[in-house]
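Could you slot chain V onto chain Y? The hints should help.
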Amino acid sequence: MKLWHLLPLAAVLGLMVLLGLGLQLDPRVVPSPLIGKPMPDFSLPTLEGRPALLSAHDLRGRPLLVNFWASWCAGCKVEHPFLMELSRSVEIVGFNYKDAPSAAKDWLAQGGNPYRVSALDALGQAGLDWGVYGVPETFVLDSGGVIVYKQIGPMTPEAWQTIKGLLQ
Amino acid sequence: MSVLSRRLCFGFLLFVHATIAVALSEPQEARYQAWINQLRCLVCQNQTIADSNAPLAADLREQVRSQIEAGRSDDEIRSYVTARYGDFVLYNPPLKSSTGMLWIAPFVLLVLALGFVLRRLLRRSSSS
Numbered sequence: 001m002k003l004w005h006l007l008p009l010a011a012v013l014g015l016m017v018l019l020g021l022g023l024q025l026d027p028r029v030v031p032s033p034l035i036g037k038p039m040p041d042f043s044l045p046t047l048e049g050r051p052a053l054l055s056a057h058d059l060r061g062r063p064l065l066v067n068f069w070a071s072w073c074a075g076c077k078v079e080h081p082f083l084m085e086l087s088r089s090v091e092i093v094g095f096n097y098k099d100a101p102s103a104a105k106d107w108l109a110q111g112g113n114p115y116r117v118s119a120l121d122a123l124g125q126a127g128l129d130w131g132v133y134g135v136p137e138t139f140v141l142d143s144g145g146v147i148v149y150k151q152i153g154p155m156t157p158e159a160w161q162t163i164k165g166l167l168q
Numbered sequence: 001m002s003v004l005s006r007r008l009c010f011g012f013l014l015f016v017h018a019t020i021a022v023a024l025s026e027p028q029e030a031r032y033q034a035w036i037n038q039l040r041c042l043v044c045q046n047q048t049i050a051d052s053n054a055p056l057a058a059d060l061r062e063q064v065r066s067q068i069e070a071g072r073s074d075d076e077i078r079s080y081v082t083a084r085y086g087d088f089v090l091y092n093p094p095l096k097s098s099t100g101m102l103w104i105a106p107f108v109l110l111v112l113a114l115g116f117v118l119r120r121l122l123r124r125s126s127s128s
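Residue numbers (our numbering), protein chains in the order written: chain Y, 1 to 168; chain V, 1 to 128.
With the rest of the complex left out, here is chain Y (with noise of 0.2 Å):
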């Protein structure tokens, strides 16, 4: 047998590896090109109405997570009890993302608050320029309020050892 009648066996091999490889990649998890540019433009009214408007200009001077939430979101009930232990040490800013204010402070009234200060992005409009397409998304900024990293879905405690890195 000449060594080339092993080539087909061989490239069904390496299709395999490479499918199994795939197999281990998460589809929903798409790669933001915000990542390494400064946080979009926004100038919103918030939850709590102090101050009345928050905008990107008073999220730059520090490290700080974004926060996209809702009460309606499943997701953000698995990460909330994590955010509020994050929240004694990193100062995060919420997006209540398409929700209705009246629910939004009944939930952070349960569960506690982990925000510094919750933007209401009531029709999504921020969420769009921000490239959110499913709650919970979190986003690390650096002191230039640049975007530095992306967690789609809840925040959890391997990814947050991976966003220390980088806050440092």
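Don't read these hints as lab results, they were simulated from the structure.
Wrong hints could be hidden among the right ones.
What the hints assert, rightly or not - Subject to a maximum C-alpha distance of 20 Å in a straight line, what follows is the list of computed DMTMM-like cross-link-like pairs (lysine to aspartate or glutamate):
#1 Y:150 / Y:106
#2 Y:98 / V:62
#3 Y:37 / V:87
#4 Y:105 / Y:129
#5 Y:98 / V:59
#6 V:96 / V:76
#7 Y:37 / V:76
#8 Y:150 / V:87
#9 Y:77 / Y:41
#10 Y:150 / Y:48
#11 Y:150 / Y:26
#12 Y:164 / Y:91
#13 Y:98 / Y:48
#14 Y:164 / Y:142
#15 Y:105 / Y:48
Just chain V now, with coordinates in the frame of chain Y:
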């Protein structure tokens, strides 16, 4: 007309404008249909935003519609969506280094397969 009725009239016009989306002209409608049929819905990834009922798909359709209404070019609309969601939203992705494999692999496979078949045929005809 009194000031009050003029205000009422103005308010009514605003209301009409806000509730009824102004119909697109025929070429605009054609562009709109073409666009929403080539943008991927990121919530239900194997559907276009034309097919999907997801709220995000509705938002994106509305964006495309208002941008076409505002006279934006296809390039402007393309850069609007890819700046936010990346090339992944395009069902017809551009040819660049990150998508090279996607575009070239089928042709490479075709050439390999043709080479294989050709070799076989040549060998058969030479042995007979």
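Tell me, in ascending order, the numbers of any earlier hints that this structure violates.
The structure conflicts with hints 1, 4, 9, 10, although it agrees with all the remaining ones.
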